[in-house]
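**Student:** With these hints in hand, go ahead and build the complete structure from the sequences.
In order, the protein sequence lines correspond to chains A and B.
Going by our numbering, the first residue of the first sequence is number 1, and it counts up by one from there.
Going by our numbering, the first residue of the second sequence is number 1001, and it counts up by one from there.
Simulated from the structure, these hints should not be mistaken for laboratory data.
Among the clues, some could well be false.
As the list claims (entries may be wrong) - Among chain A residues calculated to face chain B with C-beta under 10 Å, some are:
hint, residue
1, Glu60
2, Ile78
3, Phe94
Since this is a predicted model, take the numbers as computed values, not measurements.
Even for Gly, the Cβ is constructed at its ideal location relative to N, Cα and C.
Here are the chains, one letter per residue:
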Amino acid sequence: MTVGITIKACTHCSINPIESARKIKLNRARAETSSLISGRARPGWECGKLVDYRFTLANERTFLAWIRTALAFMAGGIGIDQLATDLAPPQYRFFLVIVMSLTAAILAWYGYLRWTANENAISANLALSHPRILVWLSSGLVLCILATLMVMVAR
Amino acid sequence: MTILSGDRDFGLQAERTQFAWQRTALSTLALTLIILRTGVARGSVWLTITALVSVTMALQLLFISYHSRSDVQHIDLAVFKFRKAVVVLIISLDTMALVLSHII
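**Tutor:** If you want it as structure tokens, here you go:
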């Protein structure tokens, strides 16, 4: 039982599916020598490379998980701003709102950059990089939670 | 007939991804609506305008997510990239507007 899936290439390089298999090696070499080394990563499908769609979709869902994390931070910031008026002194609440909002924006952009880098690594059959931002994210969360608890107890 | 694991899994990954997009689009729309309400309640013009733009973009995101749900076997990766840019832009705009509304 064979079931096909249609993956459209971009308009910049409308490669014939028959020709694409022949050009995989060339594209891979180009990606390794230019995009990956220079850090200007481009998704493999933009160059007409054949990537296993399951990996692409898994990468897609990982991006969405980063976005939902960013949305959670944004919701936290709005919640503190709108609903938790008695949580802490106004200055500390504003600090929390600004920190959580900026974290949300940074996480959203990081998710996009990471998706691009992962897509390129998958295309070139390279190992995926470790998300080093997780250490900073976890540390920042722990510090903010502890500081908020201390402020709430001190009040 | 023997069904290989790749064949058995066909479609489900695409479907899961579509549901993930719908969850994200709905969450984004809800948050942009809350920011719109915040902007109106606070009387901040810039926050309200940014929220209105974000709500429009979030609605577009939701429409694309539902539209492509019925066609999970034909994945257009260019649409995926467009959606990513839209959702990142919405979050960035709203968070910046929220921060600026406090600072200014």
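**Student:** Interface hint check: Phe94 of chain A, Cβ to nearest Cβ on chain B, cutoff 10 Å. Holds or violated?
**Tutor:** Result: holds, 5 Å to nearest chain B Cβ.
**Student:** Please check whether Ile78 of chain A passes as an interface residue: C-beta within 10 Å of a C-beta belonging to chain B.
**Tutor:** holds, 6 Å
**Student:** Answer holds if the nearest beta-carbon of chain B is closer than 10 Å to that of Glu60 of chain A; otherwise answer violated.
**Tutor:** Because about 5 Å separates Glu60 of chain A from the closest Cβ in chain B, which is inside the 10 Å limit, the hint holds.
In the structure shown, no violation is registered for any of the earlier numbered hints.
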